[in-house]
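S.K.: With these hints in hand, go ahead and build the complete structure from the sequences.
Per the numbering used here, the first sequence starts with residue 27, numbered consecutively.
A couple of the hints might just be wrong.
[As the list claims (entries may be wrong)] The list that follows gives simulated cross-link-like pairs (lysine-lysine, DSSO-like), each with its CA atoms no further than 27 Å apart:
no., residue 1, residue 2
1, Lys62, Lys178
2, Lys157, Lys62
3, Lys332, Lys62
In case anyone wonders, no lab produced these hints; they're calculated from the structure.
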Amino acid sequence: MLDTRYPIAMKITEICARDFNLAMTLNSGQVFHWEKAGRGFVGTIGDLPVYVEQNGTVLILGGAPWPAPETRALPRIVAHYFALDHRLAEICASFPDDPVMNAARLFCRGLRIIRQPRWECLATFICSSMKQVAHIRQISKALRERFGVALKIDLSKDHCSGADSCIVHTFPSAERLAKNSERELRKCAVGYRAAHLLATARLVDSGEVDLDEWQVLSDTDLRQQLCELPGVGAKIANCVMLFAYERLRAFPIDVWIERVLRQHYFPRARKLNTARLREFSESHFGEHGGYAQQYLFHHALSRARKSAVSRKQARKWQE
DNA sequence: GCCCAGGCCATTT
DNA sequence: AAATGGCATGGG
Numbered sequence: 027m028l029d030t031r032y033p034i035a036m037k038i039t040e041i042c043a044r045d046f047n048l049a050m051t052l053n054s055g056q057v058f059h060w061e062k063a064g065r066g067f068v069g070t071i072g073d074l075p076v077y078v079e080q081n082g083t084v085l086i087l088g089g090a091p092w093p094a095p096e097t098r099a100l101p102r103i104v105a106h107y108f109a110l111d112h113r114l115a116e117i118c119a120s121f122p123d124d125p126v127m128n129a130a131r132l133f134c135r136g137l138r139i140i141r142q143p144r145w146e147c148l149a150t151f152i153c154s155s156m157k158q159v160a161h162i163r164q165i166s167k168a169l170r171e172r173f174g175v176a177l178k179i180d181l182s183k184d185h186c187s188g189a190d191s192c193i194v195h196t197f198p199s200a201e202r203l204a205k206n207s208e209r210e211l212r213k214c215a216v217g218y219r220a221a222h223l224l225a226t227a228r229l230v231d232s233g234e235v236d237l238d239e240w241q242v243l244s245d246t247d248l249r250q251q252l253c254e255l256p257g258v259g260a261k262i263a264n265c266v267m268l269f270a271y272e273r274l275r276a277f278p279i280d281v282w283i284e285r286v287l288r289q290h291y292f293p294r295a296r297k298l299n300t301a302r303l304r305e306f307s308e309s310h311f312g313e314h315g316g317y318a319q320q321y322l323f324h325h326a327l328s329r330a331r332k333s334a335v336s337r338k339q340a341r342k343w344q345e
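M.R.: Here's what the structure looks like:
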């Protein structure tokens with residue numbers, strides 16, 4: 027039956043996306059809310075519900091109701107979000123030429139650092155400390171479902187199997203989160219991070235902190251401002267700089283990246299403090315160090331996951 | 001039960 | 001300055 031709310035129920039548009047791997051980008055641990063639906067993914071870009079599917083060098087788009095004004099702008103919004111304008115070949119060519127980096131570059135072909143909304147990125151990464159990627163996805167989902175705005179996506183049967191519609195949720199605004207008690211936030215499995223999330227939400231909501239104003243700051247000043255927020259240290263500040271402020275030099279060092287650096291760049295080096303690692307990462311990986319870092323991170327994590335699966339299968343074999 | 005996870009923070013040396 | 005322990009939660 028025709029949905030009479032809109033003259034045309036669903037408008038599918040296509041855009042060209044060269045040097046881009048959608049699934050790799052969405053699964054690389056930089057963004058946590060996109061979910062598989064049919065042959066593509068559903069999620070939100072800001073307040074817009076979006077369906078996106080990759081077919082070679084073409085992205086098939088849908089999701090937003092037609093003829094909302096945003097829908098006409100959808101191709102531009104999606105292209106900007108996925109940073110299709112980044113000159114990926116040049117960025118990858120700027121990485122250092124060493125065995126580890128070359129393996130990661132080969133493995134992560136088409137991975138782009140996307141442009142995330144600032145508050146959404148900041149809040150999500152405050153929840154990320156001492157959490158596995160799968161858990162961060164759970165937390166993001168819980169926060170959205172409890173406090174976000176539900177939006178319906180009409181899925182064309184031509185492009186999706188199964189259900190013909192689904193619901194996605196926006197990430198809750200700082201204002202929405204600031205209204206809650208810490209106890210309420212803890213229902214989303216954020217644990218001890220609830221206090222930090224709430225305190226930062228209230229700083230942003232009150233206007234004392236304006237994340238958009240900070241875009242004019244230098245890398246050093248931006249990092250310093252971010253680190254003053256509750257629950258934000260050097261690592262999370264660098265993630266937010268990289269994923270929400272397009273500071274492609276920012277090089278977050280988490281436990282995985284630290285392992286990669288120690289094993290492959292400093293074998294047999296004891297007494298290697300974080301300051302020394304930071305110094306090395308900033309000088310060795312160049313002007314797109316953040317990109318290099320994300321390639322190293324995703325490659326290392328994927329290898330670990332793969333070997334975990336192998337161990338599991340080996341155990342099964344033994345029975 | 002154990003160990004670990006895209007860390008941060010307060011406290012102690 | 002540098003090292004240490006606590007912190008919630010869930011998966012392997």
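S.K.: Any hints this thing doesn't respect? Which numbers, in order?
M.R.: Checked against the structure, no hint fails, so every one of them is satisfied.
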